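**Student:** Okay, here's what each chain looks like letter by letter:
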Amino acid sequence: MIEDELLKLRFKAGRIDALQRIYEKYRDYLLTLAMAMVNDAATAEDVVHDAFVAFAQSGARFRLRGSLRAYLATCVVNRIRDRMRARRRQGQALDEEMTLESDFDPPDGRILSDERSRLVGRALARLPEEQRETIALHLNGQLKFREIARLQNIPLTTVRGRYRHGIEKLRSILNGRL
Amino acid sequence: MEPEDKIRGLVQAASFKASPEVDKALWTEISTAYGTLPANSGRTSLLRAILGTTPVRLAAVAVVLAAVVFWRPFDPAGKAYALSDAIAAINQARTIHVHTTLKKGKAYEQIYEYWYDLEQIREYTHHEGTFAKVADSPEPHGGPVTFEPYRGAVTTVWDGQYLMRMDHEKRTVRFARLLSWEQELRRRRMADLALNAALPDVLQYLRYYTKIGKDTIDGQLYDIWRREWRISFESEVRQRYDIWISPISGEIGRTRRWLHHAEAGWLLQSETDKIEINQEPPAGIFAIDPPDDYTQENSKATAGILRDDFLQAQNRQGCRLKVLPGFMLEDGSILAIWTVSGEADQSDPAKAHAHLTWGGPLPQAPLSLFGLLFVPGVHIYGSVAFEDENSPDMMIHAVGRHLVSTHKAGRVYHWALYVPRRVIKSETPETLNIVAVVRDLQNPAARTAGFLWCLPVSSERFAGDLAEAFRDLSDNSDAPASMDYESLLRLARNIRSDKRLYKDFAEETKRITDIPRPEPVEIVP
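First to last, the sequence lines map onto chains L and B.
The first sequence runs 20 to 197 under my numbering.
The second sequence runs 48 to 572 under my numbering.
All the pointers check out, no bait thrown in.
With the C-beta cut set under 7 Å, the calculated list includes, among others, these residues of chain B facing chain L:
| hint | residue |
| --- | --- |
| 1 | E51 |
| 2 | I54 |
| 3 | L57 |
| 4 | K64 |
| 5 | V69 |
| 6 | A135 |
These are computed hints drawn from the structure, not numbers from a lab.
Fair warning: this is a prediction, and the values are worked out from it, not measured in the lab.
Virtual Cβ for every residue (Gly too), placed ideally from N, Cα, C.
Taking the hints into account, I'd like the entire structure generated from these sequences.
**Tutor:** Listed below in structure tokens is the structure:
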């Protein structure tokens, strides 16, 4: 955790090596989080790219007292939500589209994973959006329920409920497939 | 169906990684964006950036080329973190957690745990273990002072406004209310408090730490930074403070404090095994709801303001002096407020305070805050003692003059101005340690009572802060119109020009300040 504080300071002071270290430290973490939420390699790559680009551009203006990891996770989640909202406005049923897409493996080897991870990605994609987000943030993003409640601006009990229901549903989806 | 644990483990183990080409492309585009203004939030074409002609784009080209040519995995070897980095990290943290064990021989082991929430300004401390108290003497007029051990476990929680103290041995709870300027003072000083809990002496002695070697804890490599010194009044006793800092991550792995005895060698005095930054505090840790089975000695509604953790002194007649946090003006002068209570304070306040005048001598109370000493790099062992041979050679006397006395709920509060011999800017090293000097009418030799807390206050804020303090400490509630910032600065200038006051004060405090400095200690890796 101290390393993150120091990286924040050095990044703010204009050190590109700090940005590089932050990128390398959180790149796969954010990709995994994004994949757990959308199960689509191109979208995951794009939102991680956009989150890092915005972060890199913030430079000396960047101010953060809290956790860098949670901040970056929030950036990715917000971008995924933006995309979902945009698609809804365009009349596309995103859940349906992604669930259908997600029956296929991530294309062309741009994002690497093993068979089990892909299976999890497909199973998560079948959950309702809010349950999927909660599980992804808690188990892949390693955020505490309280942090998720703050991020989603909902009561802690609701977060716990979504998580519990999501896990139950995952059990049923993955039943007999492990 | 599969058990829930297995599903959870499976999701946690899911991992997606960027392929080398995605990794390189991402980093190239991110480094391109670095230092440029936010533009299109969508993905930017590398080609577009290179073909651009504006200076920003040209600069971007240079960054891109550099990033592509020099792209390599992060190498921490040339960028080792040092002790100063750890301090910087603590200073901007959101939460800090510290866990320390004190080992004063086998009989007195104590655990100290601190949680600081620097975002919402809340504080939790827990002390537990075997402590020592002065044993009752069977002789009526005392005898040799002896100590006896006792078990103690106390938790203190501050929620920003109220402070709750839980005594787990007695199973009691007591509330105290913080005055508004005290709340502000704690808010501003919380980062210092947290730093002090984590690394107690680095603020003053950072430059005396030397890297003496390397060590591993749980497989992680750390540099060991050491300061070693000789206690000033016991020249044969040496101390060491070792801090483990990871050169790769900047994490503080551990701190240890040692004391050297000629016969026993180096003995471990304390070990801090946890200094965690931005960890989520346990749920409810800052709640100030007392447990049901604890006896409440008071409530939030009846909470008092004179807490036991104020600077205080007591004499043999049972008289007690409490000094509240002060206001530091822009010239380093301090408006301090103190009150006296106890058996010896039988004097009629009206008569005792009749001759007091604005800017005149302090009240002749049984115990009084006689003056202040601005001394960086000292500890107090009965007398003022330079902590070690490296302490800055500086001691600035501040003499006290009376301003007003107020009455509230049967108590008398004395407001006095303490003026340093020369102007001192607030929040400079000189103001890190302000030692309170106390005088006891029954035993005129001056003595020390601890360090005074002060809130640096600007002229803009002063009137509001002062009015708040008067509401809490005066039946009349209004501060005198003459007690404004400018008047106090003017009075301070007059006091500072009176050399006789400082000469007398220096003479009277000579016994506690004239301590020889110890010889330097060589640190041997």
